[in-house]
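Below are the chains, spelled out letter by letter.
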Amino acid sequence: MDFELPLFLFNKNAGEFYMKSDTAVPVKDMPKTDPRMKLIAAKLKKESFKPDALIEILHTAQNAYGYLPKEVLSYITKALHLPPSRVYSTVTFYHFFSLKSKGEHTCLVCTGTACYVKGAQAILNEIERGLGLKAGQVTADNKLGVQVARCIGACGLAPAVVLDDEVQAKVAPEEIVQKINAKIGTL
Amino acid sequence: MNRQDLKTIIYAEKKKEETNKYKHKICVCCGAGCISSGSEEVMKKLQEEIKTRGLENEVEVIPTGCMGPCNQGPLMKFLPEYNIYQKVDCSNIAAIVQSQLIEKKPIEDLLLFADSREKPFIDARDDPYFKKQLKIALKNCGHINPERIEDYLVHNGYLALDKVLFEMSPEEVIAEVKQSRIRGRGGAGYPAGLKWETVYKYVNDQKYVICNGDEGDPGAFMDRSVLEGNPHRVLEGMAIAGYAIGANKGYAYIRGEYPLAIKRFELAIKQAKKLGLLGNNILGTTFSFDVEVRIGAGAFVCGEETALIASIEGKRGTPRPRPPFPAESGLWGKPTLINNVETFAAISPIINNGGEWYSEIGTPKSAGTKVFALAGKINYAGLIEVPMGTTLREIVFDIGGGIQNGEEFKAAQTGGPSGGCIPAEHLDVKMDYESLVSLGSIMGSGGLIIMDKSSDMVDVARFFMEFCMDESCGKCVPCRVGTRMMHDLLQKICDNKATQIDLDRLEELAVYVKETSLCGLGGSAPNPLLSTLRHFRKEYESRIVQHD
Ligand SMILES: Cc1cc2nc3c(=O)[nH]c(=O)nc-3n(C[C@H](O)[C@H](O)[C@H](O)COP(=O)(O)O)c2cc1C
Ligand code: SF4
Ligand code: FES
Ligand code: FES
Numbered sequence: 320m321d322f323e324l325p326l327f328l329f330n331k332n333a334g335e336f337y338m339k340s341d342t343a344v345p346v347k348d349m350p351k352t353d354p355r356m357k358l359i360a361a362k363l364k365k366e367s368f369k370p371d372a373l374i375e376i377l378h379t380a381q382n383a384y385g386y387l388p389k390e391v392l393s394y395i396t397k398a399l400h401l402p403p404s405r406v407y408s409t410v411t412f413y414h415f416f417s418l419k420s421k422g423e424h425t426c427l428v429c430t431g432t433a434c435y436v437k438g439a440q441a442i443l444n445e446i447e448r449g450l451g452l453k454a455g456q457v458t459a460d461n462k463l464g465v466q467v468a469r470c471i472g473a474c475g476l477a478p479a480v481v482l483d484d485e486v487q488a489k490v491a492p493e494e495i496v497q498k499i500n501a502k503i504g505t506l
Numbered sequence: 197m198n199r200q201d202l203k204t205i206i207y208a209e210k211k212k213e214e215t216n217k218y219k220h221k222i223c224v225c226c227g228a229g230c231i232s233s234g235s236e237e238v239m240k241k242l243q244e245e246i247k248t249r250g251l252e253n254e255v256e257v258i259p260t261g262c263m264g265p266c267n268q269g270p271l272m273k274f275l276p277e278y279n280i281y282q283k284v285d286c287s288n289i290a291a292i293v294q295s296q297l298i299e300k301k302p303i304e305d306l307l308l309f310a311d312s313r314e315k316p317f318i319d320a321r322d323d324p325y326f327k328k329q330l331k332i333a334l335k336n337c338g339h340i341n342p343e344r345i346e347d348y349l350v351h352n353g354y355l356a357l358d359k360v361l362f363e364m365s366p367e368e369v370i371a372e373v374k375q376s377r378i379r380g381r382g383g384a385g386y387p388a389g390l391k392w393e394t395v396y397k398y399v400n401d402q403k404y405v406i407c408n409g410d411e412g413d414p415g416a417f418m419d420r421s422v423l424e425g426n427p428h429r430v431l432e433g434m435a436i437a438g439y440a441i442g443a444n445k446g447y448a449y450i451r452g453e454y455p456l457a458i459k460r461f462e463l464a465i466k467q468a469k470k471l472g473l474l475g476n477n478i479l480g481t482t483f484s485f486d487v488e489v490r491i492g493a494g495a496f497v498c499g500e501e502t503a504l505i506a507s508i509e510g511k512r513g514t515p516r517p518r519p520p521f522p523a524e525s526g527l528w529g530k531p532t533l534i535n536n537v538e539t540f541a542a543i544s545p546i547i548n549n550g551g552e553w554y555s556e557i558g559t560p561k562s563a564g565t566k567v568f569a570l571a572g573k574i575n576y577a578g579l580i581e582v583p584m585g586t587t588l589r590e591i592v593f594d595i596g597g598g599i600q601n602g603e604e605f606k607a608a609q610t611g612g613p614s615g616g617c618i619p620a621e622h623l624d625v626k627m628d629y630e631s632l633v634s635l636g637s638i639m640g641s642g643g644l645i646i647m648d649k650s651s652d653m654v655d656v657a658r659f660f661m662e663f664c665m666d667e668s669c670g671k672c673v674p675c676r677v678g679t680r681m682m683h684d685l686l687q688k689i690c691d692n693k694a695t696q697i698d699l700d701r702l703e704e705l706a707v708y709v710k711e712t713s714l715c716g717l718g719g720s721a722p723n724p725l726l727s728t729l730r731h732f733r734k735e736y737e738s739r740i741v742q743h744d
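Protein chains in written order, with my numbering: chain Y, 320 to 506; chain D, 197 to 744.
The shape of chain D in the complex, shown without the other chains (with noise of 0.2 Å):
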């Protein structure tokens, strides 16, 4: 396919969209959430139904990716008058038909957050649930059929592949992510432009790029539910970077725990090369891609870039010294552009929309927006993406709708096991890298676990403990030693038998992993317990048993 084909193709369905024979769409949610919770059953059943009432020819029924209050769910969007119902079980579909489209007035008791608010919105972009966010990563998502090539291509879908592969030089790519001041969403949040741009000037007939979706932070679901609602913007990003950087090979790494995203990530993979927009020669001009899916293999540590290159070389996925940095030498000791998967999913945006654009979104330090998935005791667990620099109560009360049962807010956790916790008094803290630096805490990959007072700060503390002593890869002696020993005392703690001097011990500790271990991995390890120590010391303290 050439580029006039792909011209032709995105106009003949944009037309197709315009004089639509359908009168209404109605989107049934299939992310990960809903489908635990029936959808795939309530889509066969709304199917049944407007059969059986003779709709078919009126109303479009489709699959989506995540639509964001996942524990809502199963959750059926009708369009165009974006009435959103929650918890839809087969019982109660013949009704919504009926009201929605045959009497023309929606179910106000059915509808999302009915059961929670004094009324709830008739369209939903009114809710503050959406209101306050701003979708530009999961702008499809919830929205298109992400198992359909044409849906992405309606939604403008591969026009900036096609813009930098016709009107921009590499170098001009660059500088336009450059100019977005998109930092990387994996967790350490390195300007993606500077990577770019090193990984460019390294000269070698051969680059790679890959896609980290190893999401290994337990608790977060956002690459996964980007990978599944709309695994082409992913493509896309990577296809850009590899023109950027001078690739002509992707790999997407992606956990094994996430079936449904590696299934439709690579269903994604095949019909892109149907079309040409990937594979040799893309879309009729010098500039090949490919692209290949690895499966994680569950090991946290091959979320850490240097090891999972030895992963997918097929090793085992144990870290090394850097440098030199993948960027000079990664796969197969190829330079290597490792980004995350929100990275890639913002890029095309950004080329279509320009970085300037990007950039005025956010704060100075931190442009754009960032996707978090919501959970813990939090009214609506689920995905939100908003500008970068919304404050935490934002997130808290107007998006998540408060806490469950009423309770106190009592903690948040970001960055997961290598993050820290953010106590009541810093609720207006705003969420960006730096602020989140400055409470001892990190932005990391936008897991973010909403505590009550059932939660025991300590027992916080030692469970990720836990996690990073069973995930150590034992490369390193004050990883491996270090969290089992801090992990003991804080069983210890836990148990009541801890005197002021493990504590102290505990503190110390805590300072020599962080300073002398390899990778990440251990040196964010104590972060939980540190983060703990300075917002509830108190909860230490009053665990502590005097010596005798």
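With the rest of the complex left out, here is chain Y (with noise of 0.2 Å):
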């Protein structure tokens, strides 16, 4: 029988994962649609196609879309001569990288030791409270996502959130809410 991963298909008479996306679009043709993978193909290049470069490239794909798509993730394997299994196994392993979009804006809420000592947890509280979201959750528009990090480095200034790229300090639970929503105009 054949089974499904999140990325893969087993084929047992092969005895071989296939990327789920390799019949979806023809690798050679990538870089052609897509200026982010333009950027991608660049970043090959200037590593080399070493295959220890991996993590550095996925650095760049993820930044480029925010997530790693699987046509993207199916481009690098190929590009780079791994098995499957190597790139996704390190795509897994590192918090950095995913697989599903986080959202068109973030919500990142620190919760490393001075937040959480400050109370990182209250304002993940007030999060679910006013907006139904959990850390790790997007919106069904995919308009906002929450998450946590454990500590961005500015602990003096806990509890510290960071929405989309701007570093909020000293944040009170009850402004959270006001101001993801001054952020992102109401949801």
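Hint data in this document are derived by calculation from the structure and do not stem from the laboratory. Take these hints with a grain of salt, some might be off.
Dumping the calculated SDA-like pairs for lysine to any residue here, alpha-carbon to alpha-carbon at most 25 Å [to be verified]:
| hint | chain 1 | residue 1 | chain 2 | residue 2 |
| --- | --- | --- | --- | --- |
| 1 | D | Lys459 | Y | Asp483 |
| 2 | D | Lys688 | Y | Leu443 |
| 3 | Y | Lys462 | Y | Asp353 |
Residues on chain D that point at chain Y, a partial pick, calculated with CB under 10 Å [as the list claims (entries may be wrong)]:
| hint | residue |
| --- | --- |
| 4 | Pro265 |
| 5 | Gln282 |
| 6 | Glu411 |
| 7 | Gly415 |
| 8 | Phe417 |
| 9 | Asp419 |
| 10 | Ala457 |
| 11 | Phe496 |
| 12 | Ser507 |
| 13 | Leu579 |
| 14 | Pro583 |
| 15 | Gly585 |
| 16 | Thr587 |
Computed from a prediction, not measured in an experiment: that's the story for all the values here. Virtual Cβ for every residue (Gly too), placed ideally from N, Cα, C.
Got two chains here, each in a separate frame; can you build the complex from them with the hints?
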């Protein structure tokens, strides 16, 4: 029996994993279809297609797309001549990489020790109460995603929240929902 | 560039500084903390103000790295008077400039700590906050523009590199570092000189230097501030290490959460290469050394040296058993020296002033100074550097200004998720490697979280266990399964549902996990639990329900 993993199909006859998207987009066409792919192609070239540059290239892709679409992973896998399992295991190991969109706007709540001591949980509770979102969730329209981070290095200003790329210092739980709404327009 | 050229540049820059046309220098803190409080706008507004008043030929405005008391930011420092203004916002800049530069007197109400001390210190250097500190690794942090290599050169930058290349053999450099008795600042405290010597002794035509800037302890920002405030110092330390051990290539592994540190460090590399202080034939010698940045992808375990190496090689960051240690077989199987950011930052002063000078600071077994990131329920949260052996009380009360809202000190957590807590009765403990271990904690990398009575110690233990459980790489069973079991038991205690049997099992598990885990993550994961049990057992026992 063939079976499915999030990204792979296992074909028992061949005894091999296939990336699901292999058939979806012909890899050789990828760089032309999307300017973001050009960035990745350029990075691949800069790193001379060395397999040990995998993480660097994944960083580029994650930054360009906000997450790692299957087609992109498939392209990188082929370009570096790596087994898909190696790419998949690396992607899922690191917190930075994500296989799903994190939302157009992101609200990153720091839950490092300093922020924990100063009430990060209250902020998360307030977001859940006010917007119905738990950490790791994205709104249905993909507008806003809520995430947690383990320290962003602004501990002197705890509790800290990052809205899109802007660090908000000493956030009071009461004001968080309002801040988010101001940032992205009312949900 | 050769040696003479370097001297010429330094001489010219120093001359420029001395015959400075500027009468005043204003440093605006542009460390990550102050930037998030709005210091970049302050800087812009200040520059406009100076311009509208036609003072631009008298006053120089520069951005700097972290000055220390981050939660009082944005900070602005006037030199040569050393008047520091806190919580500056765009609305009071005009008044400050008027008073400070025209009327030549500071506005006392706006000075650093004016709202929390009876009377602020006009010259900030007199404030106990700074007086009790001794800045070596952070010496130029908050004083120079981290984005200009010339600023570093004026402050004797790259002189140590020049000295080792022209006046010292690799053996002599290692001897100097050994004599300084500096211990690694990344957590374990292994003597840096010994490590350098070990790597030096392995014969191989390819060796590597790695700077560990992964800073995994959540709640700590020492390495971040050093990389942001004085990246050249770290670069110089790495190059000196390269020369000493015989490596021509270095990697700086920096946390992905620190975009500013990455940007400034990359800029520093570019500038140093341009001046021939990095790259091929440094200063015209036969020594070549190049540095590349690798960006972490958010995994705590990647701070562990063998996992970090795997990550640089583009793999999953899972640790492997040691030996062989990286000193023998590290990056791509080559002898590799790994040190922490702060360790490298201390190298150039050691070379310039001599190992003996450094070894006399601190305590006999823990030489030198240590940077701490003070955070939590403390009045003056921020970055400090003190001689080893300074007591916790001095740090919390004399420097940190005591506990917020006049509450009582309950405990301080050192060493983050690998460390332990220090309760009030041990406030007079000397902060050095041995004393902290004797209390069941560790020095760690320098995170220092202060807690008051609002912190429930069982929940603190649960919090750290949750962290270790999430971050366990899953390679070995004791840690992968053990942290989960301990977490669930701790949760049960927090929910007032645990029995004495659960508590006994928890203690038993802690010992197993500690002794049988493959790497330091699992090995130290039970530490916060064990230390809260040691100092706050009552809080656990009061939650235990009797079995029916
Ligand atoms: C789980 C774990 C996390 C670590 N995290 C860090 C870290 O974030 N930064 C660091 O410098 N060292 C970290 N270390 C210690 C390193 O393995 C290594 O000992 C250190 O980088 C050596 O540098 P030093 O001798 O200058 O301290 C960690 C160790 C373990 C076991
Ligand atoms: S102790 Fe934990 S983190 Fe370390 S190797 Fe084992 S599972 Fe991985
Ligand atoms: S703990 Fe939140 S910023 Fe460090
Ligand atoms: S960032 Fe400005 S004082 Fe620390």
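Verification of the hints:
Of the pairs offered as hints, the one joining Lys459(D) and Asp483(Y) holds, with about 19 Å between alpha carbons and a cut-off of 25 Å not exceeded. Between Lys688(D) and Leu443(Y), the direct Cα distance comes to roughly 22 Å. Compliance with the 25 Å bound is thereby established for this hinted pair. A distance of roughly 22 Å separates the Cα atoms of Lys462(Y) and Asp353(Y); the hinted pair therefore holds under the 25 Å criterion. Taking 10 Å as the C-beta contact cut-off toward chain Y, the hint placing Pro265(D) at the interface holds, the least distance being around 8 Å.
The beta carbon of Gln282(D) is not positioned within 10 Å of any beta carbon in chain Y (closest approach about 13 Å), and the interface hint is therefore violated. Given hint, Glu411(D) at the interface with chain Y, holds; its Cβ is 8 Å from that chain's nearest Cβ, closer than 10 Å. At a threshold of 10 Å, the smallest CB-CB gap from Gly415(D) to chain Y is about 3 Å, leaving the interface hint in force. Taken as an interface hint, Phe417(D) checks out: its beta carbon lies about 4 Å from the nearest beta carbon of chain Y, inside 10 Å.
Restraint check, Asp419(D) versus chain Y: the minimum CB separation of about 9 Å is within 10 Å; hint holds. At a threshold of 10 Å, the smallest CB-CB gap from Ala457(D) to chain Y is about 8 Å, leaving the interface hint in force. At about 7 Å, the closest approach between the beta carbon of Phe496(D) and any beta carbon in chain Y falls short of 10 Å, and the interface hint on this residue holds. Evaluation of the Ser507(D) hint against chain Y yields a held restraint, the C-beta minimum of about 7 Å falling below 10 Å.
Here the hint on Leu579(D) is kept, as its CB sits about 7 Å from the closest CB of chain Y, short of 10 Å. A least Cβ separation of about 22 Å between Pro583(D) and chain Y goes past the 10 Å threshold, and the interface hint is therefore violated. Proximity of Gly585(D) to chain Y is violated relative to the hint, the smallest CB-CB distance being about 24 Å (cut-off 10 Å). Interface restraint check: Thr587(D) against chain Y, minimum CB-CB distance 22 Å, threshold 10 Å, status violated.
Consistency with the previously given hints fails for numbers 5, 14, 15 and 16, ordered from lowest to highest.
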